[in-house]
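Chemist: Okay, here's what each chain looks like letter by letter:
Number of protein chains: 2
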Amino acid sequence: MLDQHGPAGPRTPGTATRGETVSTVPPASTAADAVDVTALLERGRTLATPVLRAAVDRLAPPMDTVSAYHFGWIDAQGNPTEGDGGKAVRPALAVLSAEVTGAAPEVGVPGAVAVELVHNFSLLHDDLMDGDEQRRHRDTVWKVHGPAQAILVGDALFALANEVLLELGTVEAGRATRRLTAASRALIDGQAQDISYEHRDRVSVEECLEMEGNKTGALLACASSIGAVLGGADDRTADTLERYGYHLGLAFQAVDDLLGIWGDPESTGKQTWSDLRQRKKSLPVVAALAAGGSASTRLGEILAADAKSSDFANFSEEEFAARAALIEEAGGREWTAEEARRQHAIAIEALNAVDMPEQVRARFTALADFVVVRKR
Amino acid sequence: MLDQHGPAGPRTPGTATRGETVSTVPPASTAADAVDVTALLERGRTLATPVLRAAVDRLAPPMDTVSAYHFGWIDAQGNPTEGDGGKAVRPALAVLSAEVTGAAPEVGVPGAVAVELVHNFSLLHDDLMDGDEQRRHRDTVWKVHGPAQAILVGDALFALANEVLLELGTVEAGRATRRLTAASRALIDGQAQDISYEHRDRVSVEECLEMEGNKTGALLACASSIGAVLGGADDRTADTLERYGYHLGLAFQAVDDLLGIWGDPESTGKQTWSDLRQRKKSLPVVAALAAGGSASTRLGEILAADAKSSDFANFSEEEFAARAALIEEAGGREWTAEEARRQHAIAIEALNAVDMPEQVRARFTALADFVVVRKR
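The listed protein sequences derive, respectively, from chains A and B. Sequential numbering of the first sequence, starting at 1, is according to the UniProt record's numbering. Sequential numbering of the second sequence, starting at 1, is according to the UniProt record's numbering.
Only chain A is shown next, with the shape it has when bound in the complex:
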């Protein structure tokens, strides 16, 4: 995994100078600053959503309804709802990547839809495997419709993803499906790692990054290149766009891990100290544990005791706040913020190796900036 960090390489946690401003705001980029990211995200959503809904409508009952609930289009009683639909970074990337080849953004739409289907297949199965009862402020599918439907509908969305691409019947669609399949396998590998890490006392920073690369990096890599592949880009171009997306995914996940501890519940929609409550071995935690020093040692002792505690569910706000403070003191917060900037920089650098219209490059850059500065 380490070679995937490129020349910057992962620094040893704790080496960030204390007192250094831990902002994840990337260096200014004039062309990217001029991009309307909200409009770019809206474009991806507007292009992909009708096609996604038409694809899901093909599923036989009750799988169509269960899917519609999962996507937030209807509530548990079957009434239409105004779902927030998420950030829609992946569809925005997929339609943008089509423009790398000079194709219309629409060329990337089947890719955007296929990536969304794979992402949601993995959410359905992961929520069940992890026993997660809530997603986006709503009960998860297995809670509402039962475990069998969560398995079955996940399977159906996964199959549908390949179908949506392969029915294009082109050589490009075959290549795109192959890349999507590789990303899907990485997602599954990442979930296998996530499950196995839960049963371990210690996880290294490298292991955590590898898992996050599989769970988040691989599918963002696919989203960032699939439109280009459908537009006829060669493998070198697709590989380079994947590199952009992979590191963007790692930056995205580092920010997610920061928000999972220090995010504002109003913005994230999650509980305070959400990842600590779930005992997640996220980047700030593993980096703090790997950093050494007295705060790191103390944190290790406390988390080891927490793992055996039968009273963990009743911990107070203050107890979680104390753990978060120790993670910060040991350098885990700083290191993770720096990791987000480092991965963001590698992602941006990857773009330099691909010829593309300057407006497209500015948009990729702006999306990368958005991912790193977001608050939810």
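These are calculated hints, taken from the structure and not from any lab test. Watch out, some of these pointers could steer you wrong.
DSSO-like cross-link-like pairs, simulated, lysine-lysine; straight-line CA separation at most 30 Å [stated by the list, open to error]:
no. : chain 1 : residue 1 : chain 2 : residue 2
1   : B       : K280      : B       : K143
2   : A       : K308      : A       : K87
3   : A       : K280      : A       : K270
4   : B       : K308      : A       : K143
5   : A       : K143      : A       : K280
6   : A       : K308      : B       : K143
7   : A       : K143      : B       : K280
8   : A       : K143      : A       : K270
9   : A       : K280      : B       : K143
10  : B       : K280      : B       : K375
11  : A       : K280      : A       : K375
12  : B       : K375      : B       : K270
13  : B       : K143      : A       : K143
14  : B       : K143      : B       : K270
15  : B       : K87       : B       : K308
Every value quoted in this text rests on a predicted model; they were computed, and no experiment measured them.
Using the hints provided, position chain B relative to the given structure of chain A.
Modeler: Positioned in the frame of chain A, the structure of chain B alone reads:
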């Protein structure tokens, strides 16, 4: 669905003449009689198994081990075992179908492996959804390794199926994957129907046939054509071979449904009256219920009472035998045996529409005969 039955069409249950010999032995076919079916099955198994094992070996731990347990290659402790490996009809069909185009049987191997991977993905997930604790005399994966591994490894095998095909990188592989994806969706549809039927008092013969066509017909259809697709066959040839495989699958399932009630436990490896113990609404049951007449009415009353009985698990051999006798008296056994012959005939007839070497045709015919006369 009815149109898929072709000119023969499904007959109304109960129209078989009482006292008619209920044998599923098909009419003799001299060329097919000369085929060594055991050798044909062994050829498919010998060609496909090493490639299947190599594919599964690619999975990250512990998914490789869990898969090896599922396939019967190791026991729950990880020691190598001599699994019986099943009948291997699908791999035999896949490599045989490559020969339709004049290609070597080896050309069909990636197709055989992909079909086996999809089949086993569905077994892993279905066993969990259905709560089945045993398969092929062994504890199922979710019993041994837990539900999360059953979900995850099923997902991995499904992804691997597409990977094995798509990494061939040919136009034919793209076409084969598209057909496999359609078959996978049918499998999932069939499982959705199976689950929904469990919660219903009555299922019609047509609904049962549609479910069985999805759960068994679609993948046998894919197995019967995928080698030909990889060998460059046109869509018409592939569609016709699919027609053979689809109806062969329905014949296979009708025989399975007979064995599920009247099979010899020594041969099937299942309990006596296995499907009755599971309250399966299989073909003999739904045909008997649809037949009308006094035995049919009595059966309906008894099964309705059984559905509400809290003592069902403690029923004696005699109680199941009485139900089986009623199903037979109502004509369900006869009708199902006739249905197997009818589907077998449609499958054989489909072969006439495809040009192929006579030896290959004889082998397809012999495999169809084998499926219908098997005892396990």
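Chemist: Work down the list of hints and note, for each, if the structure agrees.
Modeler: Verification of the supplied hints:
1. K280/B with K143/B: holds, 21 Å
2. K308/A with K87/A: Violated: K308/A and K87/A sit about 37 Å apart, past 30 Å.
3. K280/A with K270/A: Cα-Cα ~14 Å, so holds.
4. K308/B with K143/A: Cα-Cα ~26 Å, so holds.
5. K143/A with K280/A: The given pair, whose Cα atoms are some 21 Å apart, holds under the 30 Å limit.
6. K308/A with K143/B: Roughly 26 Å separates the two Cα atoms, so the pair holds.
7. K143/A with K280/B: Cα-Cα ~27 Å, so holds.
8. K143/A with K270/A: Status holds; Cα separation ~18 Å.
9. K280/A with K143/B: Holds - the C-alpha atoms of K143/B and K280/A are around 27 Å apart, at most 30 Å.
10. K280/B with K375/B: Measuring from Cα to Cα gives roughly 20 Å; hence the hint holds.
11. K280/A with K375/A: holds, 20 Å
12. K375/B with K270/B: holds, 12 Å
13. K143/B with K143/A: holds, 22 Å
14. K143/B with K270/B: holds, 18 Å
15. K87/B with K308/B: The given pair, whose Cα atoms are some 37 Å apart, is violated under the 30 Å limit.
The earlier numbered hints that this structure contradicts are 2 and 15.
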